[in-house]
Amino acid sequence: MARSVWKGPFVDGYLLGKADAARASGRNEIIKIWSRRSTILPQFVGLTFGVYNGHKFLPVQVTENMVGHKFGEFSPTRTFTGHAADKKAKRG
Amino acid sequence: MARGQILMGVIGRPHGVRGLVHVQSYTADPASLARYAPLRDSRGRTWSLTWRGEGVAELRDADGVPLRSRNDAERLVNTQLFVDRAQLPDAGEDEFYLADLIGLRAETDRGATLGRIAAVHDYGAGSSLEIARDGGGILIVPFTRASVPEIAVEAGRAVVVPPPEIEARA
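Here the protein sequences come in this chain order: A and L. When the letters of the first sequence are read in order and numbered with my numbering, they come out as residues 1 to 92. When the letters of the second sequence are read in order and numbered with my numbering, they come out as residues 1001 to 1170.
For reference, chain A alone in the conformation it holds in the complex:
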């Protein structure tokens, strides 16, 4: 069953304060979080979070398309890196 709309999206409260502080500082810093369950809110757009996957903190650069998803979706706990071959990475 889906979450009731009247509750609003779930987010651990302390993330909001940290996000505000990071935005106010204006520095390019990574906010390390363990809260994989928190929903990505519009006020997180543009910030970079390091989301713990049980092993390491993977950087998650929040964009508008990610709003409504959970942080944990972008930091998989089981990974297969595969082969490089002709794969490319774009510098953001």
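Calculated directly from the structure, the hints in this document are not laboratory data. Be careful, since some hints might not be right.
In silico lysine to any residue, SDA-like type, Cα no more than 20 Å apart, as pairs [said to hold, decoys possible]:
hint: 1; chain 1: A; residue 1: K70; chain 2: L; residue 2: A1091
hint: 2; chain 1: A; residue 1: K56; chain 2: L; residue 2: P1164
hint: 3; chain 1: A; residue 1: K56; chain 2: L; residue 2: A1091
hint: 4; chain 1: A; residue 1: K70; chain 2: A; residue 2: D12
hint: 5; chain 1: A; residue 1: K70; chain 2: L; residue 2: Y1123
hint: 6; chain 1: A; residue 1: K56; chain 2: L; residue 2: I1140
hint: 7; chain 1: A; residue 1: K18; chain 2: A; residue 2: K70
hint: 8; chain 1: A; residue 1: K56; chain 2: L; residue 2: T1027
hint: 9; chain 1: A; residue 1: K87; chain 2: L; residue 2: D1090
hint: 10; chain 1: A; residue 1: K32; chain 2: L; residue 2: G1137
hint: 11; chain 1: A; residue 1: K88; chain 2: L; residue 2: E1167
hint: 12; chain 1: A; residue 1: K18; chain 2: A; residue 2: K88
hint: 13; chain 1: A; residue 1: K32; chain 2: L; residue 2: D1090
hint: 14; chain 1: A; residue 1: K88; chain 2: L; residue 2: R1133
hint: 15; chain 1: A; residue 1: K56; chain 2: L; residue 2: E1093
hint: 16; chain 1: A; residue 1: K18; chain 2: L; residue 2: E1165
hint: 17; chain 1: A; residue 1: K88; chain 2: L; residue 2: G1137
hint: 18; chain 1: A; residue 1: K88; chain 2: L; residue 2: P1164
What the simulated footprint calls covered on chain L by chain A, stretch by stretch (three residues with Cβ under 8 Å from a Cβ of chain A suffice, anywhere in the stretch; the number is not a length) [to be verified]:
hint: 19; region: 1004-1015
hint: 20; region: 1109-1119
A virtual CB, placed ideally from N, CA and C, is assigned to each residue, including glycine.
Assemble chain L onto chain A, guided by the hints.
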């Protein structure tokens, strides 16, 4: 294989009795493996590949002669296929081949060595570089201009400026 050789795929089991083989392609678009010719194996033989079905290919040797029988195909099982790095098309602006990035020496902007780039991650939230530190442990930085301002593939080095981290815990 030399560093200039890039692993693009592996020949798998035979398919049928007419010399077709299964090929596991490691390229970003599996079908694009056929565009890279010649493919070279670890014994120096060259091959060209034509897809005949999903994951099934016909291989031709340097003379253009295809494999004729299942026995020929069985001899190639687990053969790795490489291409020269120079065969890959130029990457776009601010794009880098993973094969170029992995293994680069990571340095600070003052020239101190941090380690080597061990992996490149991308799980839908921007790419990041995993750096294996010389003293053990890992460092992961976002693959952005701010964090990786300079990449010199020919020189084998990348300048990395690890961003400051703050912890958010309940």
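Status of the hints after comparison with the structure:
1. A:K70 - L:A1091: 32 Å, violated
2. A:K56 - L:P1164: Cα-Cα ~16 Å, so holds.
3. A:K56 - L:A1091: 30 Å, violated
4. A:K70 - A:D12: This hinted pair holds, its Cα atoms lying about 11 Å apart.
5. A:K70 - L:Y1123: 13 Å, holds
6. A:K56 - L:I1140: Roughly 8 Å separates the two Cα atoms, so the pair holds.
7. A:K18 - A:K70: 17 Å, holds
8. A:K56 - L:T1027: Not satisfied, since the Cα-Cα distance of roughly 27 Å exceeds 20 Å.
9. A:K87 - L:D1090: 12 Å, holds
10. A:K32 - L:G1137: Holds: K32 of chain A and G1137 of chain L sit about 17 Å apart, inside 20 Å.
11. A:K88 - L:E1167: 31 Å, violated
12. A:K18 - A:K88: 33 Å, violated
13. A:K32 - L:D1090: 36 Å, violated
14. A:K88 - L:R1133: Judged against 20 Å, a Cα distance of about 23 Å means the pair is violated.
15. A:K56 - L:E1093: Not OK: K56 of chain A and E1093 of chain L at ~30 Å, beyond 20 Å, violated.
16. A:K18 - L:E1165: Distance ~12 Å between K18 of chain A and E1165 of chain L Cα, so the pair holds.
17. A:K88 - L:G1137: 25 Å, violated
18. A:K88 - L:P1164: Violated. K88 of chain A to P1164 of chain L sits at ~27 Å, over the 20 Å cutoff.
19. 1004-1015: holds (count 4)
20. 1109-1119: With 1 residues in contact (Cβ-Cβ under 8 Å with chain A), the coverage given for the region 1109-1119 of chain L is violated.
Consistency with the previously given hints fails for numbers 1, 3, 8, 11, 12, 13, 14, 15, 17, 18 and 20, ordered from lowest to highest.
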